[in-house]
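Quick mapping for you: the protein sequence lines, in order, are chains C, Y, W and U.
First residue of the first sequence? That's 5 in the numbering used here, and the numbers climb one at a time after it.
First residue of the second sequence? That's 5 in the numbering used here, and the numbers climb one at a time after it.
First residue of the third sequence? That's 5 in the numbering used here, and the numbers climb one at a time after it.
First residue of the fourth sequence? That's 5 in the numbering used here, and the numbers climb one at a time after it.
Among the hints, a few may not be true.
Chain copies aren't distinguished; within one or between two, either way the pair holds.
[Said to hold, decoys possible] Taking lysine to any residue and the SDA-like style, the derived pairs with C-alpha atoms no more than 20 Å apart in a straight line are:
id	residue 1	residue 2
1	48	208
2	48	217
3	48	129
4	48	213
5	154	20
6	258	245
7	258	244
Source of the hints: derived by calculation from the structure; they are not laboratory data.
Please read all numbers here as calculations on a predicted model, not as lab measurements.
There are 4 protein chains.
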Amino acid sequence: MADTLILTLSCEDRPGITARVTGFLFERGCNILDAQQFNDRSDKDRDRFFMRVAFDPTGTRTDSLRSDFKKLAGEFSMDWKIAAQDRPRRVMIMVSKFDHCLVDLLYRWRTGEINIDPVAIISNHPLETTTDADLGDIPFHYLPVTKESKADQERQVRQVAHDTGAELVVLARYMQIFSDEQSAHFGCRCINIHHSFLPGFKGARPYHQAHERGVKIIGATAHFVTADLDEGPIIHQDVERITHADSAADLVRKGRDIERRVLAEAVRLFTADRVLMNGNRTVVFRG
Amino acid sequence: MADTLILTLSCEDRPGITARVTGFLFERGCNILDAQQFNDRSDKDRDRFFMRVAFDPTGTRTDSLRSDFKKLAGEFSMDWKIAAQDRPRRVMIMVSKFDHCLVDLLYRWRTGEINIDPVAIISNHPLETTTDADLGDIPFHYLPVTKESKADQERQVRQVAHDTGAELVVLARYMQIFSDEQSAHFGCRCINIHHSFLPGFKGARPYHQAHERGVKIIGATAHFVTADLDEGPIIHQDVERITHADSAADLVRKGRDIERRVLAEAVRLFTADRVLMNGNRTVVFRG
Amino acid sequence: MADTLILTLSCEDRPGITARVTGFLFERGCNILDAQQFNDRSDKDRDRFFMRVAFDPTGTRTDSLRSDFKKLAGEFSMDWKIAAQDRPRRVMIMVSKFDHCLVDLLYRWRTGEINIDPVAIISNHPLETTTDADLGDIPFHYLPVTKESKADQERQVRQVAHDTGAELVVLARYMQIFSDEQSAHFGCRCINIHHSFLPGFKGARPYHQAHERGVKIIGATAHFVTADLDEGPIIHQDVERITHADSAADLVRKGRDIERRVLAEAVRLFTADRVLMNGNRTVVFRG
Amino acid sequence: MADTLILTLSCEDRPGITARVTGFLFERGCNILDAQQFNDRSDKDRDRFFMRVAFDPTGTRTDSLRSDFKKLAGEFSMDWKIAAQDRPRRVMIMVSKFDHCLVDLLYRWRTGEINIDPVAIISNHPLETTTDADLGDIPFHYLPVTKESKADQERQVRQVAHDTGAELVVLARYMQIFSDEQSAHFGCRCINIHHSFLPGFKGARPYHQAHERGVKIIGATAHFVTADLDEGPIIHQDVERITHADSAADLVRKGRDIERRVLAEAVRLFTADRVLMNGNRTVVFRG
């Protein structure tokens, strides 16, 4: 099924959307392989509707499907997209000195576990201090950043993203905070990984703070980057138990493992068109 | 939304089912509140289709909906059901000497967490050795069982189920094994709770075997009862970590906690029409 | 082994403590059944030492053991305690209108899972709005609280604790915040249960905030009550996964389950002398 | 603390062992940094005692410590070992065509997360079908195996282990079953990784069987290799939740993730002298 298509959409909820959308596909001979929908009625003022449909177009041309669907979508004021399931997404990976997430992503890419096309790796450190992993043919960009050069460096980052046609930016433990401008620019095309604790901690050396506080569980959160939120819309989270006998160094080590698997899962979900935006939160249609 | 209806159905997969079903509801003015579907393509010979739709009938009468839908269902040879979401299911609970699952179910019933109507409690032990919990007005049936009386006792059990109109039988640590006849009779209307280990253990005192074997994780499985399977179709499972320092008694204690919450979740899912049969396995549409 | 004793101690770390303590017991013919120690070297200025020893006194009288150990303890400036393992701890339970934690504790007490003697239940609501659980012979105190009467009510609470000789106060979803004075009074004899999220939320209706924020994991924390900390030293934590399809009401329901099992585990650990204080955090010697 | 030593021991339990061992170290000026013990009283006939002590020898020579301790150990018929904490263990890794565990181990070795010295990699497939990972200077041995050549190949494997002085053999998804002779030869120096399910499945394609059976949780077990057990003494286990929507291929993918982190944790525990044998099970002293 090399040509399975994925339709994702969201709009204000109204009676008949599912019937219209599935009817649309049926009339064109498309065969639905999987469909998930979610009606969010948690907001008093308006209900929101979300849908993901995987279908076999069985010969119908994608461009005509798109132009036909445009009319239907307009009627319901939908945000929508039709994409080929097997098309690798062009991904730009940003990293600093900790390469565990980078290495993990590249391994999963090579084994076919996540369907990406790594078009660029950007680090604010030289290659030799960033990683000794084998990057193959992936272009590596060393873009150092200082307080003075930050605006300029961010412009260069946007340029690389533009030149490579990156559809997704993954902050694989990139230790620089985006400016509000940069966050707004990449927004929901940019996934970050963040340690997470119960309770949360602000400031430097969070694993040391968590150890100091004696928490019994540590975790990580993969989220979209936004200008106006500490952490943007959450895509995926996971945790591990720890004990008093775990040193701060143990927490860092265990945290690395959680970080890399949470980030990889978020990237996998995103590239499979399984993550839809719902204001400050996400709808995640798992497989 | 006191009158929300739940439509569940399964049939052989064919193009157009979703469009037909959602179109059917749309035409009758029903408003879909939630819909989930699953296309099982794991079997080489035939695809199976499963769907759960919660909808507001907005005035359409349930009996006319049912009679109309019957025609559509016949076309696709569907197994199907339309049920009121808020109708409590008549449940018969069977128990022996361990009452942790019984007590837990009754507490969740009283707090409204699970929507059941407990029509009977059956034990093969007298009330005083079964539980000291407050059973309120729920009829308690003491139906002892010996090798000789087993067939007769099972007949009595069926009689109670029949007389009370029980829609679900919950084996809340009922320590007697159903005969094949009894299993076949209740089948997918009967949920059992079973300890589960990695690896599994047969025979008596499984927690002691698990301790002897030094397992690091223990769990429990809620499943339907079937004549031809060790454990029938699985509804829900959960686990806990243990260590070498946990005695067999600790395992029993921790196991109780897992058992009661796994069974309660399975009952909640069943009574919300979220569990559909798929041969020897289940499709569970979580909320 | 009805007379197993538990020795718990903490002090500044110095060479020879383990040798001295275990030698002390050996010389008196006591037989060590279980021993755990922890050397905390995370503080630059001083190392801390923690130990829990379960031993069979084999005839040695507890009072002479205590008076002999006092000398050794003085040498190392130890905080220490020798207690009979099987003595139930006198526990006072405080509750408001949500009784899931209360009901759970009473069930575990009746089945012998936690070794407590419930000497009083205090609620700021009348019995009929607090719970319809069977409290048996446990005295129930209705101590309502208003802004004006708070100081007075807290005095009454201390009085009940004093009169009943309560060794532990369990806040089983008691919805009033202790004054600093009350927190300081009960301190590490008082366990509270608190919802926990990644990230954390302040203010009212936290489950609704968590839903609004779209978190994928919710949890609960059992901790000691302290005047100077949002949440005091953490004893135990646990979590559950949730999805976008979980409503705020689902979060509340799932949260109840986590809360009750986390609180019960904390009480079990405390009453088994398995929780030692280490400044703002705990050392938890699991079984 | 480059010269921290680890003493591990096990013997029949008798009064005074802890006192004697810790007294022994105290007399020689050694400073205990961490000590854990476990008294296994689950066997009716005899109690077993297990201990792990990390200590700073503060100048005492290791060889004189060893010769002195030998006398004490003889008194109690101890199995014992004194080893330098920071000495990397010589590890031989065996692999077939799935390289996710191999790649993961090598990454953790390079980042210093597990303290090993990889002295050899053996595959029954040529390098090009085994992995495209960068093996650096680690010698790769292609030792194919057929029914006829199995005994001979196993001899070669033993030879490589002997020549390299391998202290640990890691079966990193090595898809050949050891003969009983080979299992007995390597025994508790050989760690294997195994998928695990609730319930368990025998035979080929276990993930497909698990899918067929509709399990809701999959897991992995790291265990020692033994001739007389399906799976030998268990070192570590972990699990993940799955749903009806996970295909057999999804299970394989998720299983890979569990396998690699469970195996890595088992290797980390072993190389830190945290795993002691207790008949058919293990005592695992976590950090």
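Hint check against the structure, violated hint numbers in rising order: 3, 5
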